[in-house]
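A.B. asks: Protein chains in written order, with my numbering: chain A, 0 to 286; chain B, 0 to 286; chain C, 0 to 286; chain D, 0 to 286.
Each hint should be verified, as a subset may be incorrect.
If chains are identical, the list can't say which one is meant, so a pair holds when it fits in one copy or spans any two.
[Stated by the list, open to error] Here are the simulated DSSO-like pairs of lysine-lysine, each with C-alpha atoms no more than 30 Å apart in a straight line: (1) K16 / K147; (2) K184 / K88; (3) K75 / K137; (4) K88 / K156; (5) K76 / K254; (6) K88 / K72; (7) K254 / K185; (8) K46 / K281; (9) K76 / K150.
It should be emphasised that the hints constitute simulated quantities derived from the structure, not laboratory data.
There are 4 protein chains.
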Amino acid sequence: MINKNNYAVLLLSCPDKIGLVSTITNYISENSGNIVDLDEHVSSAEKTFFIRIVWDLTNFLIPIDQLNNEFEKILKKLNANFEIKFLSKKSRTAIFVSKYDHCLNEILWRHSTNDYPFEIPLIVSNHEDLRLIAEMHKIPFYFFPIDKENKMEQELKEIELLNEQNIDTIVLARYMQILSPNFVKKFPNQIINIHHSFLPAFVGSNPYKQAYQRGVKIIGATSHYVTEVLDDGPIIEQDIIRISHKEALNDLVRKGKDLERLVLARALINHIEHKILVSGRKTIIFD
Amino acid sequence: MINKNNYAVLLLSCPDKIGLVSTITNYISENSGNIVDLDEHVSSAEKTFFIRIVWDLTNFLIPIDQLNNEFEKILKKLNANFEIKFLSKKSRTAIFVSKYDHCLNEILWRHSTNDYPFEIPLIVSNHEDLRLIAEMHKIPFYFFPIDKENKMEQELKEIELLNEQNIDTIVLARYMQILSPNFVKKFPNQIINIHHSFLPAFVGSNPYKQAYQRGVKIIGATSHYVTEVLDDGPIIEQDIIRISHKEALNDLVRKGKDLERLVLARALINHIEHKILVSGRKTIIFD
Amino acid sequence: MINKNNYAVLLLSCPDKIGLVSTITNYISENSGNIVDLDEHVSSAEKTFFIRIVWDLTNFLIPIDQLNNEFEKILKKLNANFEIKFLSKKSRTAIFVSKYDHCLNEILWRHSTNDYPFEIPLIVSNHEDLRLIAEMHKIPFYFFPIDKENKMEQELKEIELLNEQNIDTIVLARYMQILSPNFVKKFPNQIINIHHSFLPAFVGSNPYKQAYQRGVKIIGATSHYVTEVLDDGPIIEQDIIRISHKEALNDLVRKGKDLERLVLARALINHIEHKILVSGRKTIIFD
Amino acid sequence: MINKNNYAVLLLSCPDKIGLVSTITNYISENSGNIVDLDEHVSSAEKTFFIRIVWDLTNFLIPIDQLNNEFEKILKKLNANFEIKFLSKKSRTAIFVSKYDHCLNEILWRHSTNDYPFEIPLIVSNHEDLRLIAEMHKIPFYFFPIDKENKMEQELKEIELLNEQNIDTIVLARYMQILSPNFVKKFPNQIINIHHSFLPAFVGSNPYKQAYQRGVKIIGATSHYVTEVLDDGPIIEQDIIRISHKEALNDLVRKGKDLERLVLARALINHIEHKILVSGRKTIIFD
């Protein structure tokens, strides 16, 4: 839920060793921070420690603008990767779309409920089809038509726009263009895609057709962070739905829409509520 | 359920055309058969008609031993493939195992409940490990050790045994040997395998390890008819279970056992209750 | 899917006896109707026969306006209840709402996709809150405020409006008023409600609060036809979602919205695609 | 999994206040305990703090036999309820059965896998039916026939037996007798029952019949701790399975068996792996 409280979130991973939890929680307590939520995980295979701590900043002795520096001092000896987020601050999320409207509508509805901590400063598309929906919701719609020749140039403009608008999260809501490695590198673990299959089955194009031809009894959808390799990034969320011989290919497409929009929405929510740590090709989700 | 009634089942597929249902149901009614269950499906993509009809033989005018011949006369003009089965007759099912006992135990328990129409005349294995379980259930256990040299010869002995025992269904309950094409051809759509992944993801060996390394959020199991291509036969049943970052590889293996045994059992039940039609690489399941 | 073909649907139930399928399918075939889909069920407990047949009217010898009369002649000897529907004709669906928008938005989006055979001639509400959404979708919005004094009178006006507009289906999309028996009787098996629990658990008000206090591990939603007894009509669709101790009451409410809108949408789709037969307090769904 | 390591588990709840996590983790770290797993939850509605900590005892400075006393000193100022368990110590689980074998077989199979930390010193029954299964598994079988007259007396003998055998967990594996309050009080949060419905729907006897008559689309099973009020104790695990109009009452019973045994097994596993805290009528499950 959108949290009106003055809470900070620490997301941290580091090599495992003795005393990590007490070192970190001690530091927060000594500075008068009340921990309201804590999740910890040790991957015994990789000997890595992961933690998410939420604490109340009301009486916290370290000023917000010095938080990163002060934690840096403590955490550098742990050889830790960490981020500090604030639950009162909404994510600035850009939505990329092409022609399908189901994922876009789902996210716009979630946004309208005020149940989730994000705002949508802009919608980007390589087609004009969904401009009307954007306008109905009074959200600026940017049209960047893309072909082989202009792709790099258009992406640079998109990146510029996203930076100007302080976008921290990009949702590919059935965006039918592959982003270039250059684009992807600019937003590590910030671009969320929905693939309409149960990855790693049916990578690439027309997964419903592939599923139909294989005669599977279950279809799936997968939401993942985008990396430079197609449909290969860390998986955030997956779900499935049963199908039967009665369903023709267009029924799979119709049913699949319900899966895609829910799976993408759930992935987005975990991301903007700062519940995800990425470790190599995997995600740790403290939900 | 095991049906004490005197019911026949017709499983039929043929090119679709007008009047098929009435032609067939008419024939049964005219001969005083009371239809108690009927499922029909037309695949509009392949223009193929599928039907399953269950009728009461009590007052049926055609003697059982002439059923096939008489239906043949009617159905040949439809260019139909068909089978007639009797619900009062139990399937004679052979179970092939290696070292894992979870699927074997599941099927033995199902058998013991008398809830399902099958008997288990024998268990075949390439290892001795599970002999004790077979003996506890008083089921003959046949040991056929297999190596590269003796494989063809041993399989011939197995085929001979299966034929002698009038086996109509073979369950590969985590049998860790690939059957040769020669063996498979002898039992078309009669050999049911369980693969411990959500096919077509993670074909081949060590699917849990593959799943663990990919960081999927859901693992699956797939039961399918065995064809000459590995893990490629018509899928009968699939199911999934959620996993999280907390689960190590051996947890996936442990959790997966529950999936494997249930998915295999459900596939077997549909098979022995004569609810499955095979069409190319797909199954039509009238459950 | 919306079916552009010229198909008729027969939904029929009657006491079970020999030869029903062939009598009915014969009649259709003799009149040059090609059956494209058929589902049949015999309830052995109640000795009742249920069937749904879809056939192509293209070359059908009986004119559409005489279909009911001609079938009546054939079917009266069977002591059958039956309806004939046309897949090319869209359902005229009225949506009743109060203040919650999630179910309304879901149905409006489904409508916009053109994937389902219904139109929405009007939205009725006892509050003004959702008028704007209706207007954005250019659907007439009728405001009928209701209190103890005016309830009967307002319902009469609503009934008049629904009749004028030839409404055949009424969806209570989280409509927070109990319809009077008089209203309900006018639309038997035509009013679809969504209750935000797994019925029959947590009947009545505040089901999420009841669920939270009971400490259940799963919450549900139930869509059913409305009868004169509250939350007691024939169930069309149910689904569930897992919850954990981490979820506070408002999290249940938030998660439950996803369930409610999907369960209601699926029930509506089965209804408008003429896949439901009602038998006493149960539904037969040929999906 | 059965953990060969020398790990301790602390399960603790207390009124929430600032610094709890650091106080506790500090104490463990200062005594050279390496925390390998930690889960924490604050119920904001009840202002209660819950924590589960697993740490390595290898270099722990406090001897095992003084653990409780030493923690008592630290934790009494927190007004905490706590337990300390050892993962290397197997639970001593007694199984109570009557005539149904599916839950018993499930638990015996789990036991045989060595995947779970429990042993089964004895099986208790009010019928002789399942003695053979106990004998096949070489587990002592105690027959305590129960009628109105002898119930109290027999229960006292059972309690004596359970105490003699140091039983810490009792599984009612479809045990068809209601335990008296006197019995229940002796084993608080140690008796696990399986009820064959989705509680609180269909409390009491014949839940499948109740479900069948209500026409639900989903059936469920619920495993819970036994309290003095029938089917009312804290819920540990629930799951469901879809049914359709095709299923007769005995099909529900048959399908339900699969649910019951899995739900009961999962509840038992969480209990014996010390992952459950009970808070009033609810469970906190750190899985």
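A.B. asks: Please flag the earlier hints that this structure goes against, numbers listed from lowest up.
C.D. replies: Numbers 1, 3, 5, 7 and 9 - these are the hints that the structure violates, sorted from lowest upward.
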